[in-house]
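Listed in order, the protein sequences are those of chains Z and E.
Per my numbering, the first sequence starts with residue 1, numbered consecutively.
Per my numbering, the second sequence starts with residue 1, numbered consecutively.
Some clues are possibly wrong.
One copy or two, it doesn't matter: identical chains are merged, so the pair holds either way.
[What the hints assert, rightly or not] Straight-line Cα separation of at most 25 Å, PhoX-like style, residue types lysine-lysine; simulated pairs:
(1) K43 x K377
(2) K384 x K43
(3) K131 x K298
(4) K402 x K131
(5) K377 x K136
(6) K356 x K43
(7) K438 x K21
(8) K471 x K316
(9) K21 x K356
(10) K298 x K47
(11) K486 x K298
Derived by calculation from the structure, the hints in this document are not laboratory data.
2 protein chains.
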Amino acid sequence: MQSTMMNLPLTITSIMEFADKVYPNQEIVSVTLDNPNHRYRYKDAFKRTRQLANALESLGLKQGDVVATMAWNDYRHLELYYAISCSGMVCHTINPRLFDEQIEYIVNHAEDQWLFIDPLFVPKLEAMQDKLPNIKGFVVLTSEQHMPETSLRNVHCYESLLASHYALFTWPALDENMASAMCYTSGTTGNPKGVVYSHRSTVLHSYATSMPDAFGLKRQDVMMPIVPMFHVNGWGVVYSVPMCGAKLVMPGPRMADGAMLTALINQEKITLSAGVPTIWQALLDYLETSGETIDSLKRVAVGGAACPLSIFKAFKDNHNVDVEHGWGMTETSPLGTYNNTEDADFDLSEEAYNQKILRQGRPLFGVELRIVDDEGKELPWDGKTPGAVQIKGSYITESYFKLEGEFTQDGWFETGDVAFIDEDSRMQITDRTKDIIKSGGEWISTIELENHAVNHPDIAEAAVIGVSHDKWTERPLLLVVVKPGKSISSDEMLAWFKGKVASWWIPNACEFVEELPHTATGKLDKKVMKVRYKGYVWPEFA
Amino acid sequence: MQSTMMNLPLTITSIMEFADKVYPNQEIVSVTLDNPNHRYRYKDAFKRTRQLANALESLGLKQGDVVATMAWNDYRHLELYYAISCSGMVCHTINPRLFDEQIEYIVNHAEDQWLFIDPLFVPKLEAMQDKLPNIKGFVVLTSEQHMPETSLRNVHCYESLLASHYALFTWPALDENMASAMCYTSGTTGNPKGVVYSHRSTVLHSYATSMPDAFGLKRQDVMMPIVPMFHVNGWGVVYSVPMCGAKLVMPGPRMADGAMLTALINQEKITLSAGVPTIWQALLDYLETSGETIDSLKRVAVGGAACPLSIFKAFKDNHNVDVEHGWGMTETSPLGTYNNTEDADFDLSEEAYNQKILRQGRPLFGVELRIVDDEGKELPWDGKTPGAVQIKGSYITESYFKLEGEFTQDGWFETGDVAFIDEDSRMQITDRTKDIIKSGGEWISTIELENHAVNHPDIAEAAVIGVSHDKWTERPLLLVVVKPGKSISSDEMLAWFKGKVASWWIPNACEFVEELPHTATGKLDKKVMKVRYKGYVWPEFA
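Next comes chain Z alone, as it looks inside the complex (with noise of 0.2 Å):
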């Protein structure tokens, strides 16, 4: 038996409509390099949509056309985040912190049409352009006044663009499963791997991230997004915050700047926001240098990698702010977990409570979540039994962009992390599959480890690979850099561990070291230690 109910498609343009209608009066304020106090309203911004939409058709573009955009986060970036899949063209955001040769190759992958840009970015463009032979054309994200001089061929200004039309357009009927946006992958090896999320997905993703016990957004919200909006699809907020009608401000190109931030805080009264440790702990130094406070702040949501539980502290015990930990990735939307701190059942101990809040959280309503063993077999959620993490649902990507190959398990994705989940449904987040330490059928987190050594007062850093062992397969060889002026010897730093962990889990080795390698975003680049590495004589064997 079908149902009565309306068939009516879930689209961003809903989103769009909806917030105009409903909440037209509500505020977007931008930080731009030509304006670091631009405010208007939603109904200004989809009013300007509409003008821009209209500047996609006059540029040639049609549905299914992809449109680039290289830009940070204020207002011209999401007017052109709805007017692109609003008009049924697909919106590719790239990542400007991407090697130029990565760039080129997305940029002709996704078969790019126009390249609409920050001015910041002319002059990579510029050296780039030759190699982009699909790009019709450039348009720079700045009015007449600030345009730069430029050798991009078929170069436009935004502002002009958008000045040259009107703001009477009719948003084409789409279906729900359309693409709408994408966003490439940049992992350690091989090309970016395009993820093409749909108007579908998007909808879901942001009912399933403003519910009460994740973003929890309201009306009266003042929402700042310190994510890229072209980094893991700016955690959805550019969609969730005008869906819920709350207040966005958006810090342009200078994320990391404590002072800014805490202006910005102040003045516009941002109650959440939501962004990495690093952006973190760029904020704290400041607030603890200027002495300066952020009254407004409630809550701040943190993903992109573990949180030290100092952030945690420092947030709640000088600020009174609750910091919340999500997970996700670019092939899920972003968010796949969130940890709401305001739990009833937080009536623990203080270490246990510490040991929840820095867990990765509960899955979201609309998506699964399993943790698996080798053979692929369910295991259980007990908090100390470690799996691969498989997850499933209808904003998870089956699959990427133009590229063959099988990348579900019987339906679910292999995400590449390992972790436990308690009984309380929180997951923690222990390793990499391609990291983890796999010792004589048991699992080693290489994170435990590593975060246990650089709590030694005398160490600067640390990193633990797995190395081939003829009795237990693979055991851990612990690699640290001491701080200047300090000393230690592998005995003791190996004793450092005792009681910490299972005695099991103690490195067999440890190796002074004057520098780790890092990766192009930061992040310790095992694949070249374990490279390094590769031969090694146990002590024991030595």
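Based on these hints, arrange chain E on the given structure of chain Z.
Chain E alone, transformed into the frame defined by chain Z:
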């Protein structure tokens, strides 16, 4: 271009499996006739749901079949909701308050095959069973020891039926647009009309109603729905509460018992509840008499009828509880608008604040709302212009089960309500389209006139109806019931409106009556009044 996202259906099964996996230990507490304090956990509920699914199969039921319930809010009714819908069958909840002829009509019209009923409805169904030829049998929702003697044909005891089946069951894959449940509206004219919900509409409604500015359901909430599960889909809380992992408390048949509700609130630490104004009045009356408190309760949602300001004030001033107005109907799943009252814009005078909180609120994301004039032209949201309320969305009906006809205008469902919407996007229902008085091309709200009339200290009840008028097409006639021992003249009564409404709104005449006609559900029956006063001669012409 198609997205790379997984193509997974939105199903009620996914809500059940999510709650079972992520919140297995969360509690469900019920009051039933055979156990005033039944408690178990989600994992127990869904284990029994799987037993029930096997039982349904054993009764010969298959996908697409309609299974009916006549039951109050408790855990067994919840099990039926999930087992029936997730088996691909249709859960038809019957309102036992309907007239017997209406119940017979809808059981036959819906083609119900089995009826699951509370023991207290056994006599009703015994008297009715011969007129229900399609019904293959009955299941009484109780245990063997409480099973009544009955002449019902092919009758089973629910607990015995469950006990004879395993808890292993593989839920079928379902199309998200399949019918999941149905509910009949009880209009004042003609036969009840059936609305058929889908899995998709149910999931989307659950998302929309759980959002922070609607029910705002969090895992640590304890929700007690006092809205019958057979009425307007029980506000969907049987789905939204498990989706959010909150604790669910169901008061069984004793919904208007202030003492029992108070005991439940305090015993189970209810934080949030939902019901009609009469329920809240009963609770407040009991609290005032007994002097008891309800400290855990933070918010109550109210709907079904306009809620008097006195209820808002008594809850807030005496118990620090926020009352939040919602609006909807069977055809809208039901929640279309919600009035969140912790809004930062409420920096208003007391009178302006009171006006705001009495409104039915803003549209939820997931529906579109508009008000139109007689020609279907959209009207502005200016806080004063009334229009007919139309709605559309993925959880709004576009037709009725097995009924021919056009129930939408350009794809918009006509709600039959008249409202204005303020600059803040909050809707204020002012009348029903069939009751509104159209005088000289302008609209006069009978509800507003009635509210003013009953505020007169001598008036017990009042109704306003439109009666034809040669010059103005229609003019308001006031009908009043005077309080015992009181007396007032027609001129005095009409003078009461001066300064309270525009002068052209003041009724042209007032008639004193002993009593006013009411419908079966206790509402003013204006249809009867309009017939009675059809040939009314206005005093000016008399």
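Check each numbered hint against the structure and report the violated ones by number, ascending.
Of the numbered hints, 3, 5, 7, 8, 10, 11 do not hold.
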